[in-house]
Each structure stands twice: as structure tokens, then as C-alpha cells.
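*Asks:* What follows is each chain in one-letter form.
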Amino acid sequence: MSKSNFSRRGVLKTGAIAGAGLAVPTYLRADGHAGFTNAPQGSTVKIGFNVPQTGPYAEEGLDELRAQELAVEHLNGMGDGGMMNTFSEKNLKGNGILGKKVEFVTGDTQTKSDVARASAQSMIQKDECIMINGGSSSGVAIAVQGLCQEAGVIFMAGLTHSNDTTGKDKKANGFRHFFNGYMSGAALGPVLEKEYGNERQAYHLTADYTWGWTQQESIAASTEALGWNTVQDVRTPVGAGDFSSYIAPILNSGADTLILNHYGGDMVNSLTQAIQFGLRDKQVNGKDFTIIVPLYSELMAAGAGSNIQGVFGSMNWNWQLQDEGTKAFVKSFGEKYGFPPSGAAHTCYVQTLLYADAVERAGTFNPCGVVEALEDFDFDGMGNGPTSYRGADHQCFKDVLVMKGTEAPTNQFDTLEIVEVTPRAQVEYAPDHPMFAGGDLGECNPGA
Amino acid sequence: MLGLNSRDFKLFIIVCIMALAAPILLNPFPTASAMGESFNAGYPALMQRFVIFGILVIGFNILFGLTGYLSFGHAAFLGVGSYAAVWMFKLLSYNVVPAIILSVIVAGLFSVVIGYVSLRRSGIYFSILTLAFAQMSYQLAYSVFTPLTNGETGLQVYNDDPQILMGENSPTVPHFFGLEMNAQSVVDVAGWSFTFQNGYYLSAVFLILAFYLSIRIFRSPMGLMLRAIKSNQTRMSYTGINTKPYMLAAFVISGMYAGLAGGLLAAMDPLTGAERMFWTASGEIVVMAILGGVGTLIGPVLGAGIIKYLENIVSKINDGILHNWFAFMPDWLDNALVTIIHPFIGKGWHLTLGLLFMAVVIFLPGGLVQGGQKLGGLFRRKKTDDAADGAKTPAE
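Chains as they are written, first to last, in my numbering: chain A, 4 to 451; chain B, 55 to 450.
No lab work stands behind these hints: they were computed from the structure.
Mixed in with the good hints, there may be bad ones.
Which chain A residues stay away from chain B? Per the calculated CB distances, all over 10 Å, these [said to hold, decoys possible]:
#1 Gly110
#2 Gly142
#3 Gly281
#4 Phe416
#5 His436
Between beta-carbon pairs, the in silico distance windows are [stated by the list, open to error]:
#6 A:Phe342 to B:Asn389: 21 to 27 Å
#7 B:Asn213 to A:Asp326: 38 to 44 Å
#8 B:Ala237 to A:Gly80: 37 to 43 Å
#9 B:Asn389 to A:Asp245: 50 to 56 Å
#10 A:Asp83 to B:Asp388: 38 to 44 Å
A virtual CB, placed ideally from N, CA and C, is assigned to each residue, including glycine.
Isolated chain B (complex conformation) (with noise of 0.2 Å):
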């Protein structure tokens, strides 16, 4: 259906399930007791950072997955796409239409610039040079285009902005033609209280025709000659077959889902800084795709999803609540067990997610993907058949 085969429809469907579905799907515990008050994710600004920053590494894959060209500076795109959705905010109006469209232009136009340069190098020298790039990109926004990026401060919409296309009773926040974004309904059904934004829900759309896209690029033609390229660049030139443009039309493709990404960052948010280009936003992505699965279609939107995931809640747990969840052990037990788990919460998320990506590469190659699939096959081997495909997609 849709020019799907009938395993990636299912996988279309999962996907697209749970990103409707998500601020049900991600807020398990009732919202009042202490487990929903420390590991619910459903709430809209962290949603529409799975979402967002899902789009941005499918993209990411679609270059990386395909040709195996790493690009190290992939921030540079999600940064770029931002300054000119804020920019279109302060021209125009809050209206999100012209922000995104142009953002994905802009990134688009700068990722065939930096695409051009740095695709004349494969391997390891693309990587730095795309580093470069981005780190050059990073320098410029926060200080010499000062005037184009307010620099440190980042770039915000101000009340005396030109905003000309602002009528007397448009909305004074991000707007789809009226529908503003970060307008939401709370539904409570017994302890639990779901929340639906219009934010989340625009981006979640853009998420599920992004997923699109990219299985109909994976299934491609084009997609066969990109893996072709990653499994043997050479024979294809001896062949006779000129690889660039195809390189060329991925690097953009996948520059344009990261443009599309930035300007969805700056639609749900309208301030922009230039720290999202930074070089350790580009490791992220990277890191993002390997954890999820490098090459696979879901792997990516499940990397970005795990990482915002420990970056917001498992920061935000400290002493105090641990000595909450302990309460009804002794003394000495609860002291003990929150000395043990103190160095992986709080700011120690970033050694939990270390230790995470470090078991994964080890154990897990393939990403969590590859831990599903071997789930899914002890499944198989017990059961019949069709309880396979559900458990390649563990919900998280």
C-alpha cells in the first residue's frame, strides 16, 4: 500500500501509531505518583524533541545509512535552517509556513556548497571536512555575523521586529494560518492527564512524511546506487558510472530533512542560538544513528528518541527523589542503594548514556535494531510466526 511492500506499510503503520499516539503511549505511570512524576515523557516540549530531532537523524541515515559517508557536521544544517525560520519570524510573521519552507531552502542551498567541497574526499578527510565546516559555521554565528545571529545571546523575535505581514490580531506566537502552536487541550482520564499540543502535532506529521520519504529513497533505485557506493566506490567508477551526483543528491537530500528539522526547532520555539551547531550537536546525531541502528529505517527515530529521553529525565533525578522511590527500605539499605545509582543520574546522565552506547556497540552492532531482531527471533523460535514483527519496534 502506498508503494510499500507489505513489511514496510507495517513498519509505516507502527510509526505512524506511535507518533500519533505518543503523549498517551509515553506517559505510562498516573501523573501524581512518584514513578509518572519521574519518567513520564509526554509532554509536549520533550515530544516534539523526539520528533524533531527523529526527522533530523532519518535524514542524517539517509547519507550515512546508504553511503557509509560520515558526515561529522550535520549540526550546521539544523543551525542554518534555524536562523532563517527565526529570521522569517521577524520578517514576516509568526506564520510557521514561509519559516520552514525556507529553511529547508536555505539549508538546502548551503548543503550543496558544503556538499560540493567536501564530497571530493571520501572516508575519514569528508568527516573532517565537514567538521570543519560546521565548526567554521559555529565560529561565524557567534561572533562575526553577530549582526545576522545576535551572536551568544542567540536570535529572538523582538516587539519592534518589521514582522510585516503581522495583521492587528495575529497571534504573537508561531502560528499555522491561526492554529497557534504551543496551544494544547489536557485530557484527564482517571489519575493520568494527557496532553495534546498543536506543536507536536504539526511536527509529528512532518516526522511521519519524513519516515515516508525516506523508505521510499531507501527502496529506490537511487537507494541501490547508494549502497552500491558505500559497498564499493571504486567498481562503480571502473564501471563507468559517475557517483557524484548521486553523493551529491543524498548530501543535500539529507542536509534539507536536517533544515527541516531546525526550522520545526524554531517553529515550536522561536529563539535560535548558535550552540546548536557546535560540534558536539553534530556527535549527537551521529551518535543518535549508531545507537538506533546505522542503515535501518527505524533505528534512527529510536537513537534520537532514547538519547533526548536520558538527556531530560534521567538529568533531572537527584538525591532527593531517590531517597523518595527508597523510602520504605532502612536506613542504611536506601543510603546505600542512592550512594550506588548517584553517579548515573542527575549529571551523570551523560555516563549512563556512555555506558548505553558502549554496550551497544559491543554487544549490538546493529543498533537496538539488531536487539529487536534478536528478540524477535527468540520469539520466533517459541511461537509462530507472526508475533515477529511487533517486537522488532520496542516501544520505549
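Isolated chain A, as found in the complex (with noise of 0.2 Å):
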């Protein structure tokens, strides 16, 4: 059956043109002259957004990508040069990032691990990207993070609430502006004290999985060391829809409060089932019943609707805020698009300014040059007064707002109102705290 189509010449032949192509690679390319990953060359750099543009977080991440456009033209020079001109640290002219031209690319996550890496690999293989910034979601960050201490690139992370991403899971090249899980904990515990009192009874229902676990733990950490009682912690499936069967046992459990650890859209359904049921019209322990979201965001809150009045929850930022900074960022964010920012918008305009400054400052795009830049490094001007990114951790330490559902909104974006900015001081925690143990930040990676 088998025969052979081998003649001496095609074998000659063959032989020849392998060894030319095997010759060819000593023609390579002084790859890595520079001495890290993707070192920009000519006129332009290219950072990579990397964000989930469809999916549960859809929103968020579009809101992101506008926020980092918005960036990229003020740091071109473009536009108002919106935050550039109230930050604390004025190297950046308006001309690009030392002097080179700014261009970005965006990828799609889809809220999911593998997907985000493949993007970012691609910003990183194929586009030749020097940092990669956003996302939603702590496993897609801690993810993406990951990747890029591998790859050599700085990764800012966006939307990412978890414990882990600057604790277990830090990493050298990483770093998030956003706050975390203690941070909602520590700034919720005074004001629930002074609205709710030292004797309530908390039923938690919690997101299944590390974010939903991390800020459970915080959030009762703080609420105990009150002198509430956490009377029962119940663990919800993602993206359950209905959660009816987890509401019903409440009323009979003897709890006051109810503590709804989820995010996005579970948040939306379980906070309007909690109202349909009644809960908030009933009288335990001679209280009223009450119900905290630890997590908010504006779209949560446009989601619930009225459901929110009167809801405690904690935020990073939002545009109602006073500082120079914050009018600066909203005046030109709503020019360009026509409604206010979201806080997941925010954290990723700042972050890329933050980088475009720390390279500026470190003279160099190598990324042991930006994380020596950024550590410990402290700043003004970002909407969020006073903030520091912490060298051991790559946390970013600032201010926290408590947050109430408005209760009587006079125009569609005013869902939520401010009731304290928790200073700093209130929210910082040791590297090592407990709910932080155990990572290794590692040597920053400049890669090739």
C-alpha cells in the first residue's frame, strides 16, 4: 500500500531550501536590546485596555474605555487635560508620555479569565504594549496580573474589590488603585454604629466565591467588633436569578439586619426580592429591619431603582464630590459623553495618568523603573485627597465614601448620596493582616 514518492533530486532539493530557512534565523533581531518587554520604538508608545465589553460587567467595562480614552487624549494634549491640570506632580506637558505619542488598544474579557488573558497576551505579543490597564472583576484581575509579572508588562488593575488581589495574590508588577474588601468593612463599622446601634443581629447572604468570602469576612469582622451578632452566613450561587428560597428563611431567623454580599446584577435581584418580601416594613427585636450593601456602584444603584433608598453601602469615588480634582475629571468626562462618570471610570482615567507620570518621573518605560516609581509614592489631586500606592502591597491607601440610596432623587444620577468621607487613617491595615497573609510580591519583571 505504502509507496515511496522519494526521488534523490526532490530529496536534494528539499534539503536545500530546510537549510536556507534554517539559516535565516541568524538574521534575528537584536531582540531585547533594550533590556525589557515591548520597549516602545519610534515616536509612539501603545498601552492596552483591557476590559470586558460583553458579559455581566459589560457596563462597567464600557465605562472604563471611555474614562481611558479620555486619558489618552489628555495626556496627547487633546481636550481639557482634565485631572492633569489639579494633580500634585506636574510632569505631564500634554505631549504624549516622554515625549512619545500615545496609542492604545482594546480587547475584550468577557469577565473571564482565559479570555482576558488571550487579550491581554495578544496587547502584549502581537500590539507590543508597555502596560496593560482595567477589567472588572477580582479573578480576572488576580488573572491578568499574573500574566503580565510573567510577560514583563505593569499591569493597573481596575475594578477589583477582592482582598486577594494585593493580598494573597500580589504581585511585583501589579498594582490597583481601587479599594478592597477591609477597606469597605473598616469605613461601614462607625456609621452602621451610629445609625443602627451596638445590638443587631446580621444575616448575611454571600456571593459564592472568593470576592463574595473576602468581604464576608471583612465586613463581619468590623460589624462584630461592634457588638453585632452575625447570626448565619449563607452562600449563594453567581448569577442564581432568583433568590427567593434564600430570603424566606430570614424572617424566621431572629436577624435585624441583612448584609447582601453580592455585586452587579445579583445584587440588583436580591435587594429588589429582600424589598418585595417585606422585609424592610418589618419590626425584629423591636427594630426596624434593615439591609446594607457593602459594594456599591452606579449602575447597581440605576438597577435597583427606588429599592436602594435608604441603603447603606461604601464606594472608592463618586462625581458628586467636591474636590478640585473630581469637578475637573467630571467636567470633562461629561463634555465629551453627556452623563457623569462611574467610580470603575475613575480608577481607570487615574491609574493611567498614574503610570503615565511614574514613567515620566522614572525617566525610563522599563518596568523596574515605573514599580520603583510608583511605590510608596504619594499624591493629591485625583479626586480622592491625599492617596499613597503602598510599596509592600502595591494597595493604593486613600480616603472612603460611605454611601445611602438617595431618598428623594430629583434627576436620574442622583441615586446615591454621600453620608462620610472615612479618612485614611480609619481604613489602613499592616501588610501582613491576617486577611492578607500569605503572598509573595515577588521582583518586579522587565521580561526580556
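Each of the two chains sits in its own frame; use the hints to bring them together as a complex.
*Replies:* The structure is reproduced here in C-alpha cells:
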């Protein structure tokens, strides 16, 4: 059955071609001459915006993308400059980064770790990006952070609230501007004490994955410190849609407070159903039944509508703040897109500027230089008051906002009001705090 | 040759060439050109996905293409294989060999269990059972088995993992006896730049082996038996043949292919998460197979390639890039064209995929391979016979 088609001439010919092919790599590009991955060539520098454009967090992702595009405009000297005018550092002149014009590529993470990594890899390998910014969900942030560490580029995490991102999964090439579960708990504690006293029976519904657990742990710790009792912690599957079977038992549990450790669509559904069950009209232990949502976002507030009125929660930043940085950012964002930016948008915008500034101060795009410039870096004028990046875990420390659903909204953007700006000192913790321990930052990796 | 008839051998050689020369074939445009920046797919991460998902769908096709049993939970085996591989990295060392071997074995055992239960039913009931098992695996991996899978965050290797076979100077990235998976050489030829990466070539070799094995299975007596089951299982039973062992064998082989793909994914990128098992991932495998051509040899590879291409290339085109392309046109035309194309790019890549899928299902029920054959038929009428086979496998 088998018959050979090889002739002497054919073998020689093939051999010659193969030999020539193997000789080609002697013309290898001197890759890595600059000492780090994707050293910018020519007059431009490329950064990658890796955000969910489809899937459950698409709204957040698209808002991040808008803010990042605005940041690139400002860096390149277009528009009104936004927060560049209020930023305490004055290295950014509107001529790009180190005189190189900023270009960007976008990718869709679909809020899936694998897809996010594929997209980030294509940004690094194909588009030669020097930095990856953005994203939603902690699982994705941790996955992409690990990838960037291996590849030797800087990663600025977007919307990620889990303690693990700068806890046990922290990486030297990764930075987080957003706050975390521990900070939410620490900020909410005193406000809850003032509002609801020291004798509450708390019932937790918790999204059954790492973010939910770390947040539940943080909130339980800070409320128990007030004297509250945690009646029960019930884990709910992510994306359940219908929470009624979890809400009914609360009525008979003796609890007078419901804490919803949910995010996005899950939070909208569970809160709405809790209200429909009439929980908030009940009186338990002689107190009015109350609901708390530790992590808020504008998009969730809009989704939950009037159900959110009077419900407490926390935020990283809100457009209603009255400092100069916030006003400048809200103005240029509003002029370009016609509505106020979300907290996720703010984080991604600020991070793009912070990265650019760190490169200017380091005088190089080398990730190790940037890491050095960002570690223990103090700045102001970016909407959160005096802020600093801690070198030990690359977490940003700043004031945290305690929010409440507006009782009488005046327009469609007026969903949340600021109850208190919790000072930074109150939400700080040691890098080896038990909730964050176990990780290893490692060495900064400049790649090739 | 190699026990294949001449037609299959030609196809096999074409696949070999496509796999080995992919870094060149997938970079048709100069690197710095606008077309190159948008449409070149010859970078390692994407090529790895082409071949790894190719392996996955080749395996799926052995089950679905030959027996007609539609497994809607194949991603579970992919995920189990990945977890097994990452655990090998965590416990032993970064050598990919034990990782890949264990991922195939674990996926094989897992598919024996699921197959044994699911294959008691056929048709839609079989599909639903496999789907149920896969979703169950996903939910377990996502929360209940968190100590084993690290839940939503995904399993990855930490610096303080045991890694008992790690020597002093062992590489800290996945490697094949010292050959690091992410090591690569870049060749610049005129305006082109081609990247040859170790990891890609390891996957490509596995693809070639997997493809060869699949041809042999298709042409074997067992393949014939599986096809017979597809055409009329009842008649097979009445003639006194016990079809169950054949079905289970096909299911397990297919599961092991998926395990191999999972192991390779982890070997290229030592991290895995539960969403690899989610039902949409299983659905994607089905779409890949149907798009390429169910029951054909080359179809699955094509289908996997096209979907991964759309997902990674089209999803990254944004309005700014479009404006660059049309910059030479008058403004109003530029804006009009961008408005028309906008829904199909970036986040709209699902829409593009959906339209493509509908077009294929409606006009080419045999998948893209049927399209190739039709095209080949056109050539054959006009020219002599020898142009036919080349057109059967359109390079994408």
C-alpha cells in the first residue's frame, strides 16, 4: 500500500530549501536590546485597555473604556487636560509620555479569566503594549496580573475589590488603585454604629466565590467589633437570578439586619426581592429591619431603582465629590459623553495618568523603573484627597466613601448620596494583616 | 503512506505544513502596515489556541461526527485536564511531560464515569445529561472544591508550592526538559517579523499526532462501527451487536483528547479557572465542529481556527482603527462606513460570528468543508482534475 515518492533530486531540493530556512534565524533581531519587554520604538507608545465589553460587567467595562480614551486624549494634549491640571505632580505636559504619542488598543475580556489572558497576551505579543490597564472582577484581575508579571509588563488593575488582589495574589508588576473588602468594612463600621447602634443581629447572603467570601469576612469582622452578632452566613450561587428561597428563611432567623455581599446583577435581584418580601417594613427585636450593601456602584444603584433608597454601602469615589480633581474630571467626561463617570471609570482614568507620570519621573518605560517610581508614592488632586501607593503590597490608600441610596432623587443620576468621607487612617491595615497574609510580591520583572 | 490512503495522506501533509508553517502563513501582511496590525494572527498565544482548540474539536468530532451523539459538556474534560496539569506543576515541577500525561489520564477516568452514566440514554437526553454533568463540575470547581481549584480566582502556581522535583536551576516557567515553553526566536524578513515559539511547536506536534490518530480511527473497523451506530443503532442491537463498548470507547477517546487540550492550555499558560468548564465553553466546541464540518477530518480544525480568530482579532478592532483605514475617504463617507461596520466589530464580534454561523448552517450544512468542496467542484469543471484537492482546505 505504501509507495515512496522520494527521488534523489527531490530530497536534495528539499534539503537545500530547509537549509536556507534554518539559516534565516542568523538574521535574528537583536531582541531585548533595551532590556525590557516591548520597549517603545519610534515616536509612539502603545498601552492596552483590557475591559469586559460583553457579559455581566459590560456596562462597567464600557465606562472604563470611555475614561481611558479620555485619559489618552489628555495625555496627548487634546481636550481640556482634565485631572492633569489638578494632579499634584506636574510632569505631564500634554505631549504624550516621555515625548512619545500615546496610542491604545482595546480588548474584550468577557469577564472570563481565559479570554482576558488571551486578550492581554495578544496586546503584549502582537501589539507590543507596554502596560495593561482596566478590567472588572477580581478573578480576571488576578489572572491578568499573573500574566503581566510573567511577561514583564505593568498591570494596573481596574474594578477589583477582593482582598486577594493585593493580598495573597499580589505581584510586583501589578498595582491596584481601587479599594478592597477590608476597607469597605472598616469604613462602614462607625457609620453603622451611629445609625443602627451596637445590638444588631446580622444575616449575610454572600456570593459564593472568593470576592464574596473576603468581603463577608471583612464586614463580619468589623460589625462584630461593634458588638453585632452574625446570625448566619448563607452562600448563594453566582448568577442565581432568583433569591427568594434564600430570603424567606431570614424572616424566621431572628435577624434584624440583612447584609448583601453581592455585586452587579445579583445585587440588583437580591435587593429587589428582599424589598418585595417586605423585609424593610418588618420590626424585629423591637428594631426596624434594615439592609446593607457593602459595595456600591452607580450602575447597580441605577439597576435597583427606588429599592435602594436609604440603603448604606461604600464606594471608592463618586462624581458628586466637590474637590478640584473630581470637578475637573467630571467636567471633561461629561462634556465628551453627556453623563457623569462611574467609579470604575475614575479608577481607570486615574491609573492611566499615574502610570504616565511614573514613567516621566522614572525617565524610562522599563517596568522596574516604573515600579520603583510608584512604590510609596504620595500624590493628591485625583479626586480622593491625599493618596499613596504602598510599596509593600501595591495597594492604594485613600479616603473611602460611605454612601446611602438617595431618599428623594431629583434626576436619573441622583441615586446615591455621600454620607461620610471616611478618613484614610481609619481604613489602613498592616501588610501582613491576616486577611491579606500569605502572598509574595516577588521581584519586578522587566521581561526580555 | 503511514498506513493512509493517498487522499488522506495528502490531507495529512497539508495539515502538517499548515501547522508547522503557521507563524509564516498567519502573518500575510507586513507587521507595521495597517492591515498587519489588525489582521495578522501569527503571534504565539493565538497560534497556540488555534492548535489546542483544534485538538479539542478533533476529539469532539470523533464522538459527534462518527456516532452522532452530541455531547454538550465537553468543556468539563478540558477543565479537568487543566486542573490536573496545574496541580502537577504545583506538586512536582514545571516540566510539562508529567502534567500532560496526568491531564490525559484524569480526563480519561472522568469521561469513563460520565460516559457510563450518560450513554444509557441517546439523543437529546444524552446531551442534557452531559450538560448537567459539566455544569455540576463547573459549580463544584467554582465554590465547593475551592481548596482544590481555588474557586473563581483560578488555580495558579505560587512561589511557596512544594514542587518537589524542582532543582536549584530549574526554569520557573513550564518547560520540556529544560526547553522553556515561552522561549521564542523572532525572525525579521523585510517588513515581516515571524515569531517561532517552543510552546507553539510542542502544541503543533501534538496537533499533528492527534490528527493522524483521528484519521486512523475514522478509517478503522471501529470507525465503521461508530458510523453504523450513527445511521441506525437499533438495527445494530437487533443484529446482536453490543454497541455500548464502542460508544464508551469513543466517548473516552474524545474525553482524553479534551484532557490533552486542557493539559496543553495549562502548559502554555500555567493557570486555570472554573469558567473553562462553563456551558458556553461546551457550546463553543459544538459551534466550532458544526462551523467547520461535522464528521469531516479537517473541518474541526478549521472551525476552531475561525472562531478563535474572530474572538481575538475582530473583537480588537475599534472605531479608531476603522477611521484609520478609511482616512483617505471624504469625511462623510468615512463616518458612514464606520457607522455601518461598527455593530460587527469590537464587542459585536458575537454578531459577526452569529451571522457567519447562520450562513453556514443555511447554505452549507456540511460546514466550511462543504464550501471548499463546492469551490473545488467549480475548479474541476473548468480545469483538469489535479486542482481539486488543494481547494478543499482553504487556508484562513
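*Asks:* Evaluate each hint against the coordinates.
*Replies:* Consistency of the hints with the structure:
no. : hint                             : verdict
1   : Gly110                           : violated, 5 Å
2   : Gly142                           : violated, 4 Å
3   : Gly281                           : holds, 30 Å
4   : Phe416                           : holds, 24 Å
5   : His436                           : holds, 18 Å
6   : A:Phe342 to B:Asn389: 21 to 27 Å : holds, 23 Å
7   : B:Asn213 to A:Asp326: 38 to 44 Å : holds, 40 Å
8   : B:Ala237 to A:Gly80: 37 to 43 Å  : holds, 40 Å
9   : B:Asn389 to A:Asp245: 50 to 56 Å : violated, 45 Å
10  : A:Asp83 to B:Asp388: 38 to 44 Å  : violated, 26 Å
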